[in-house]
Each structure stands twice: as structure tokens, then as C-alpha cells.
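Asks: Letter by letter, the chains look like this.
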Amino acid sequence: MKKLIANREIDINEEGYLVDFKQWDREICECIAGECNVVMTEKHWEVVEYLQDKHHKEEPLSIRGIKKSGVINIKEFYNLFPGGPLKVSTKIAGIPKPKSCI
Amino acid sequence: MGTKVKKMLFILSKATIENVYAAFVMANGARMEGIESEIFFTFFGLEAIQKKKLENLHVATVGNPAMHIPTMLGGLPGVEALATKMMKKEMEKLDMPPVGEFLEILSDSGCKLWGCKLAVDMFHLKEEDFIEELDGIITIGDFYSRADQDGTHLLFI
Chain A
1 MKKLIANREI DINEEGYLVD FKQWDREICE CIAGECNVVM TEKHWEVVEY
51 LQDKHHKEEP LSIRGIKKSG VINIKEFYNL FPGGPLKVST KIAGIPKPKS
101 CI
Chain B
103 MGTKVKKMLF ILSKATIENV YAAFVMANGA RMEGIESEIF FTFFGLEAIQ
153 KKKLENLHVA TVGNPAMHIP TMLGGLPGVE ALATKMMKKE MEKLDMPPVG
203 EFLEILSDSG CKLWGCKLAV DMFHLKEEDF IEELDGIITI GDFYSRADQD
253 GTHLLFI
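Quick note, the sequences are listed as chains A and B, same order. Using our numbering, read the first sequence as starting at 1 and increasing by one per residue. Using our numbering, read the second sequence as starting at 103 and increasing by one per residue.
Don't take each hint at face value.
Chain B regions said to be covered by chain A (calculated; three or more residues, Cβ under 8 Å) [to be verified]:
(1) 109-121
(2) 125-134
(3) 223-231
Listed next, the in silico DSS-like pairs over lysine-lysine satisfying Cα-Cα at most 25 Å (straight line) [stated by the list, open to error]:
(4) A/Lys87 x B/Lys155
(5) B/Lys155 x B/Lys191
(6) B/Lys195 x A/Lys67
(7) B/Lys109 x A/Lys97
(8) B/Lys155 x A/Lys67
(9) B/Lys153 x A/Lys87
(10) A/Lys97 x B/Lys195
(11) B/Lys190 x A/Lys22
(12) B/Lys109 x A/Lys75
(13) B/Lys214 x A/Lys67
(14) B/Lys228 x A/Lys3
(15) A/Lys99 x B/Lys190
(16) A/Lys68 x B/Lys190
(17) A/Lys75 x B/Lys191
(18) A/Lys54 x B/Lys195
(19) A/Lys99 x B/Lys109
(20) B/Lys106 x A/Lys99
(21) B/Lys106 x A/Lys67
(22) A/Lys68 x B/Lys214
(23) A/Lys75 x B/Lys108
(24) B/Lys108 x A/Lys99
(25) A/Lys99 x B/Lys155
(26) B/Lys109 x A/Lys87
(27) B/Lys195 x A/Lys57
(28) A/Lys99 x B/Lys195
(29) B/Lys190 x A/Lys67
(30) B/Lys106 x A/Lys97
(31) A/Lys87 x B/Lys214
(32) A/Lys68 x B/Lys195
These aren't lab readings, by the way, just hints derived from the structure by calculation. All C-beta atoms in this analysis are idealised placements derived from N, C-alpha and C, irrespective of residue type, glycine included.
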């Protein structure tokens, strides 16, 4: 389905995740973040870049991976993206919701 | 949204790997979904938070029909250790953390970890026997009082 984000028609799935990463940019990112009650800071961008990098390398995302990432620790991760950190951060990063249970 | 789960309280009374991981995966899964979670370790569940024991938990090979081996075989020396080794290998393939690391993840994720006072007294355990991440040793009454909001669920494992 389509949704108007930052005055552009963006393809999303039923949970609001971007379907086509090519449509993602910083403006779209900030709009989705706003909907998730997140205000982007330098640290947020750093995490978003880390997640996108992992996704593009086709490496699965997990909370254990965050612990080992060297980018952010788990406590900070929960603070930056309240309400389910991996779910929220991947939505903001324009990549699919992780399927892992851990 | 009166039916939405907001808080999960787990009581873990067993120390077999399958039960411990069931509690950990569900408690962590709750946090990942933005749901609060807490675990109350009682009776044998206390083994999972004792520094000297937590990396030596076993899968039950006796009295466990799902193992699909004869019960008498399951009781032979070394069978439980072998089955445990195999299971841990499979879990590592799925990137499941070992017990100690999983407890760190849970604690960092905001999952509260409690020891049961009655069981701690019964097994003559001391605070220094437990992991540093433990939030305290409390009574079951204290734990019930943690069910302080609508949408709280209690689960006994």
C-alpha cells in the first residue's frame, strides 16, 4: 500500500515498514521517527547506519548482535528507541522488521 | 485496548535448559515488543542465577518422552551430558546466547530478576552465590505486588 510521508507517496507494508529501500532518505526517516515519538540525534543516525549496513550484508539482526555491535549498548538502545527497540529502529531505518525471536 | 498485554511476570521453578530458555526467550521477547517483564526464580529455578551453576544446566533425558530414547538409556552415565552438548550446539547455530550472557541481556533490557526468599533460605544460599544482575531476593507476596497494572499476566514455568 501507499502512504504519504514527507509529501511523497511511499510504498509500505501493513505494519508500516518501507517495502523499497530506494525510497528511503533522511527526510523520510525523520518523518517515520516522529510517528514513533523518536527525535533523531547523532547517536540515532549512527544506529540507523549500523542496522542498514547489517541488512545490506544480509546479516540477521538480534539483540545479541546489538550487544556485540560496538556501536551502542543494550540499555542505550532501549532508551533511544522506546516501545520495542529493534522493531522501532528498523522501521525508522527503512529496512524489514527482524524475524528473529531473540 | 483492555486486552493488550502490558506486563509479563514469569515464575521459573525448574533448571532444565528447555525450561530456563523458555522463560528467557519469552521474557526477552516481551521487552523487544515494548512489554514489561520480570522473572521470579524459585526452587530449582535458582540454579539459573547461581554463578557457579548457571553454565552447567542440563536437558532432561529421563522422564522426557519427547527425547525419543528409552528412559533407561537416558539414565546411563554421560547421556544427559551428551544430549545437552548437542542441544547447546544447535542453540549456538541460532545465535542463542549462553545462560550467563542471556541474563546480562535481560537485565540490560530492563527485565527485573528476582530470587525467591523462601527457596533461598531453604537451599541455604547467600547473596554472593548469585549473579550481580539480580535485582533482589523477595517473597512471593512482594512479587504479586509487582502485578500493579491492567494487562499484567503471570506465567508459571
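Asks: Run every hint past the structure and note whether it holds.
Replies: How the hints compare with the structure:
no. : hint                : result
1   : 109-121             : violated (count 0)
2   : 125-134             : holds (count 5)
3   : 223-231             : violated (count 0)
4   : A/Lys87 x B/Lys155  : 34 Å, violated
5   : B/Lys155 x B/Lys191 : 19 Å, holds
6   : B/Lys195 x A/Lys67  : 18 Å, holds
7   : B/Lys109 x A/Lys97  : 22 Å, holds
8   : B/Lys155 x A/Lys67  : 24 Å, holds
9   : B/Lys153 x A/Lys87  : 32 Å, violated
10  : A/Lys97 x B/Lys195  : 21 Å, holds
11  : B/Lys190 x A/Lys22  : 40 Å, violated
12  : B/Lys109 x A/Lys75  : 19 Å, holds
13  : B/Lys214 x A/Lys67  : 18 Å, holds
14  : B/Lys228 x A/Lys3   : 57 Å, violated
15  : A/Lys99 x B/Lys190  : 21 Å, holds
16  : A/Lys68 x B/Lys190  : 20 Å, holds
17  : A/Lys75 x B/Lys191  : 28 Å, violated
18  : A/Lys54 x B/Lys195  : 18 Å, holds
19  : A/Lys99 x B/Lys109  : 22 Å, holds
20  : B/Lys106 x A/Lys99  : 21 Å, holds
21  : B/Lys106 x A/Lys67  : 29 Å, violated
22  : A/Lys68 x B/Lys214  : 22 Å, holds
23  : A/Lys75 x B/Lys108  : 20 Å, holds
24  : B/Lys108 x A/Lys99  : 21 Å, holds
25  : A/Lys99 x B/Lys155  : 32 Å, violated
26  : B/Lys109 x A/Lys87  : 18 Å, holds
27  : B/Lys195 x A/Lys57  : 18 Å, holds
28  : A/Lys99 x B/Lys195  : 16 Å, holds
29  : B/Lys190 x A/Lys67  : 20 Å, holds
30  : B/Lys106 x A/Lys97  : 21 Å, holds
31  : A/Lys87 x B/Lys214  : 21 Å, holds
32  : A/Lys68 x B/Lys195  : 16 Å, holds
The structure is inconsistent with the numbered hints 1, 3, 4, 9, 11, 14, 17, 21 and 25, although it conforms to all the rest.
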